[in-house]
Amino acid sequence: MLRFAVLRLISMGVSLLAASLVVFAVIEIIPGDPAAFMLGLNADPQAVEALRDDLGLNGSAPARYLAWLGDMAQGDFGISYTYRVPVADLIVQRLGVSLPLAAYALTLSTLIALPVGIVAAAKRGGPVDYGLMGTAQLGIAIPNFWFAMLLVLVFAVKLRWFPAGGFPGWNDPAQALRALSLPALALALPQAAILARVLRSALIETLEQDYIRSARAKGLSRAQAIRRHALRNALIPVLTILGLQFSFLLAGAIIIENVFYLPGLGRLIFQAITQRDLVVVESVVMLLVFAVILVTFLVDIAYAAIDPRLRRHT
Amino acid sequence: MSGRIQLLTGIALAGVFVLAALVSLFWVPHDVSVLNIAQRLQPPGAEFWLGTDQFGRDLLSMLMVGARVSIAVALVAVGIGVGLGVPLGLLAAASRGRLLDEVLMRGNDLTFAFPALVIAILITAVFGPSAVNAILAIGIFNIPVFARVARGGALSLWTLDYILAARVAGKGTVRISLEHILPNITNLLIVQATIQFSLGILAEAGLSYIGLGAQPPTPSWGRMLAEAQTMIYTAPRLALLPGLAIMALVLGLNLLGDGLRDALDPRLRRATQ
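Residue numbers (full-length UniProt numbering), protein chains in the order written: chain A, 1 to 314; chain B, 1 to 273.
Rather than coming from a laboratory, the hints here were simulated on the basis of the structure.
Built from N, CA and C at the ideal position, the CB exists for glycine as well.
One or more of the hints may lead you astray.
To be verified - Some chain A residues near chain B, calculated using beta-carbon distances under 7 Å: (1) Ile10; (2) Ile30; (3) Pro31; (4) Ile142; (5) Pro143; (6) Asn258; (7) Tyr261; (8) Leu294; (9) Leu298.
Stated by the list, open to error - Simulated coverage check for chain B against chain A, where a stretch passes if three residues somewhere in it have a Cβ under 8 Å from a Cβ of chain A: (10) 116-127; (11) 145-157; (12) 184-194.
What the hints assert, rightly or not - Below, a sample of chain A positions facing chain B; criterion: calculated Cβ distance under 10 Å: (13) Met1; (14) Phe4; (15) Asp33; (16) Phe37; (17) Leu150.
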């Protein structure tokens, strides 16, 4: 297990290095002169020169790349050109919205998917199963930002239960959670639909195994067999899907933050694109890619911990 | 839902939008490039079947042209994924276990680490927003998906006797891949293409909603939703119909994909029913 984890860790490091090369090449080499690019066509040559100095653009590309890597490793992401503050501070501040939003959405989707998947599997082939799975099909097909707009129309504009957008900060946790509720629900629905479908087919497959038949023969009811034996085994594919879905959750969060004007990473990166703040774009993209690679790594490890057979294949 | 009904519903739903998109190439009820403020926010009626938007454009015509944009973006993106991903996957399977396979698959994992939206952000930050960027972003995202499916399907075939026979007959790796492996993984690829097509429609809508896709004046479903967001209370029709269109097309494609998978591979039927 330790050897497996170490090998995976090395492979994760290599992926990160390769990803950072790609990001560096796109942001710092393709535009030619990033300083001139950020300031636009009619920029004052002196201002461009000053920004070049600020950004440390006067070295060779390999030297700049290594310096960038070294700085990032120490938590220094550079200074935002538009906000005039360290990018690391901006990111930490915005993560205070984006991370709780993602966690909230993940919790909601699991809370919705577990009962739906279990009930559908238990009532397989009946009207309840068809109803639930039909709804799940709709949930997968609905664009989450449009679902968000519908939620705003019903729960914010008509019923006034939740705010339509904005974020009051964490000083009042109840209000903060209230502001994150509609965005989290919008993010959670498509995820829940996918999870419920995966859980249902995994459960159905597990229920046909011999050990379930033994459990039933021993006198356990179907519900008891599901609860004590099938669910645990069916959770393995669900875990994989959760890991694979993480990048969709991330992308969804970026879009949803823009629907609700939430000051998270998604808003930050969009403002950075319009203002051509390449330092911010570069850092946030690196962070997002790091998150995806890290989750893939964690899922691999969790998978191997649950099922020792998987360790051999690498 | 039985597989057959699923398949037919999917074909019908997706077919309506493909037809609308094709018709819009030759004819739309009203020209969508003309703004006519005098006709703004007309309710549905005889002249404007679905009414007009806040700029006086005919909503039905906008939806038809929007269908064309969405379908074109998703289709070309699938094309990129198939065109690059499948040869890479076949190559990886042909050199299974060797360094080339390892290198290709690690490259694959690396591309997986960049969600389509992140690729779009990177491209847009440097080149500015356009429909082409959306196509590229979704297309690049599709490459490792198809490479993985092609490799997985091909790997199991390489161990079979008839492939061994072909090798004994003196056929090279490339010929075996093209003549014997590819035809046998076509079903898998068709099903995956349907899934990626529907994901592409959703991704295009998301990208154009946040302004990273097709640019004005080209109508796109995502941007129509973005423009309607502030009007959601005064003219809910404008915010409801493009969303319903996206959902119906994606639902149709998903049903089509599920139906095709069941029809083409009976072994999978048991698990999904």
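Enumerate the violated hints, using their earlier numbering and listing them in ascending order. Going through the list in order, the structure violates hints 1, 7, 8, 9, 11, 12, 13, 14 and 15 and respects the others.
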